[in-house]
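Protein chains: 2
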Amino acid sequence: MPSSNLKNSVKNTIERYSMINKGDTVIAAVSGGADSVALLYVLYSLKDELGFSLAACHVNHNLRGEESDSDERFVRRMCRFLDIPLYTASIKVNDLRQKHDSLEECARRLRYDFFESISKGRLIATAHTASDNCETILINMVRGTALSGICGIPAKRDNIIRPLLYNTREDIELYCSENCLDYVTDSTNLSDDYTRNKIRHKVVPLLKEINPSLFSAISRLSQSVSDDDRYLDKIASELMEKARTADNKYDVGILRTADECILRRIVTMIFKDNDIPPNMKAVESCVGIIRAGQGKINPCQFRFVQIRKKKLFVVTDREKFRRN
Amino acid sequence: MPSSNLKNSVKNTIERYSMINKGDTVIAAVSGGADSVALLYVLYSLKDELGFSLAACHVNHNLRGEESDSDERFVRRMCRFLDIPLYTASIKVNDLRQKHDSLEECARRLRYDFFESISKGRLIATAHTASDNCETILINMVRGTALSGICGIPAKRDNIIRPLLYNTREDIELYCSENCLDYVTDSTNLSDDYTRNKIRHKVVPLLKEINPSLFSAISRLSQSVSDDDRYLDKIASELMEKARTADNKYDVGILRTADECILRRIVTMIFKDNDIPPNMKAVESCVGIIRAGQGKINPCQFRFVQIRKKKLFVVTDREKFRRN
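Sequence order for the protein chains is A and B. For the first sequence, our numbering gives the first residue as 2, with consecutive numbering after it. For the second sequence, our numbering gives the first residue as 2, with consecutive numbering after it.
Same shape as in the complex, but just chain A (with noise of 0.2 Å):
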């Protein structure tokens, strides 16, 4: 794709996913990597069009010394020469790491949440792209998933939109340098994350040898999935709603009209609402019991699942399951 029509791209996906109404402002997360400067600068050019607002946000995760403040500096100057506002945090990752939580995971963590406050209703956009598409898509297969896993990362999800997910960073790279747009080594490329790291550097280049258009094909997969998963939960959703009785619980009879795949999502939306981690096998064995119209399950500790007198409820509450 020519870079002249990476505007014309993001356009496209901005209107293809109702991403930004009249009136609204969008507040692009900006690293200073490649990535985040071209949506800005793509953003910056589309607003006047689309009518929207645009800030920005730089978070500085602290994690390399002086060449953090450098970048920090870098997207400082940038929204300076724009005009726009700029939001900045500075975090500590390192004291703010969890047990069991990568150094990726953790970082990515506190900068949805300094996204959270400062959005106020407002859009945040980052700058995903098809790359990190496609990745999410292969490390979600490898570890196990459903259809879900293949829908990889959403285009916009509550306030949080992903106009450059249908672009590669080839695209990307090409507008930057035929716009003469300079920019630093992304920042938030933090990939202490093994498995990232063995997709990103090891299987993509063979795939990409087998298909160079590896990232528009994955693509594509994506945002058809995408459709198919969204129809499916929305058939959930109404069935789930009429098996609903007066108490909250589940008509078994409603429930089992459901074709087998409507019916596994069911139990996976009920076990959401009841705070049931999700677990394949569990599902498979509450849809057992919805079929034989009766039986309990324990997907995990102080949950249970049961049918009664033809109803499906869930006892969050060990002491109130013993004296039932």
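Hints in this document: simulated from the structure, not taken from any laboratory. The structure displayed is predicted, hence computed values, not measured ones. Treat the hints with care, since some could be wrong.
It does not matter which identical chain is used: a pair holds within one copy or between any two.
Said to hold, decoys possible - In silico lysine-lysine, DSSO-like type, Cα no more than 30 Å apart, as pairs: (1) K310 / K273; (2) K209 / K23; (3) K282 / K209; (4) K12 / K282; (5) K8 / K282.
Mind docking chain B on chain A? Use the hints.
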């Protein structure tokens, strides 16, 4: 999974997919390799319990001279030992290979032609495993696919059944070793296919470093996604029939009630029925004219899809199209 479970696991697969009914005859396709030897023995151990008759077939591809003949003798001896009928075919793959046909693709085509010629309504069991399925899914993903490609190799299609599809190569080798089953190097494993070789020998080992249970993870994904795909196809077929008019066109008003992902499937089905090659862009264009309620597209040579008087139809003849 301990070896003793292979039989139970295969029995579960057979029952879950209603592969075999009492009184059926199953012809196992046996190359002599570990996978197909395990398939033959597992089916042999299940035939009385499930009430089916067992036969075998073997294709000599004549690609490795004396080695090919020796494989055939090996299979003959095994079937004589088990006292089951054997159908054999001798195919000169190299002579019958067509332009643009890879050796593997050609051998595959000839093998399935042979299966069809001998089956006469009986079932053919092939020895595809979770490892084959994982490779196929990765290949489809990399080359570009929608949901259907993530379903992988179907467990059952027409009279072809694949009882080992959810077992791994490791399960099979363990079964062979614990049951002292001898086997030859799989003669169907031609693999001159550049893509499959790269996936099998380079990509899969890297992914297994990330998750040693890769094949199980992909198997579960394949099963769950196949259910989703089947359900969406059912919904699409039903709406397509509802939209079909007396003059064998499609009522655009009815088509437009469909969700995007269902409409895409309906268009794909209409394309297939009219010998229009699958092509995502053409499908999107067709969805576009349906949403617009008017227009025509030319998805391939000698085919036009057109909307007139709120009905969609395919014109398959150029002259006829001109006259319209």
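Next item on the list: Have a look at K310 and K273 and pick one of within, between, both or neither, based on CA distance no larger than 30 Å.
Entry: So K310 and K273 pass the 30 Å test inside one copy only (23 Å; across, 48 Å).
Next item on the list: Go through the copies and call it for K282 and K209: within, between, both or neither, with a Cα cutoff of 30 Å.
Entry: between (35 Å within a copy, 22 Å between copies)
Next item on the list: Go through the copies and call it for K8 and K282: within, between, both or neither, with a Cα cutoff of 30 Å.
Entry: Between copies only: 21 Å across, 45 Å inside.
Item checked: Intra- versus inter-subunit Cα pairing at 30 Å for K209 with K23 -> Classified as neither: same-chain Cα gap 39 Å, cross-chain 48 Å, threshold 30 Å.
Check: Between K12 and K282, at a C-alpha cutoff of 30 Å, which is it: within one copy, between copies, both, or neither?
Finding: between (42 Å within a copy, 19 Å between copies)
Violated hint: 2 only; the structure is consistent with all others.
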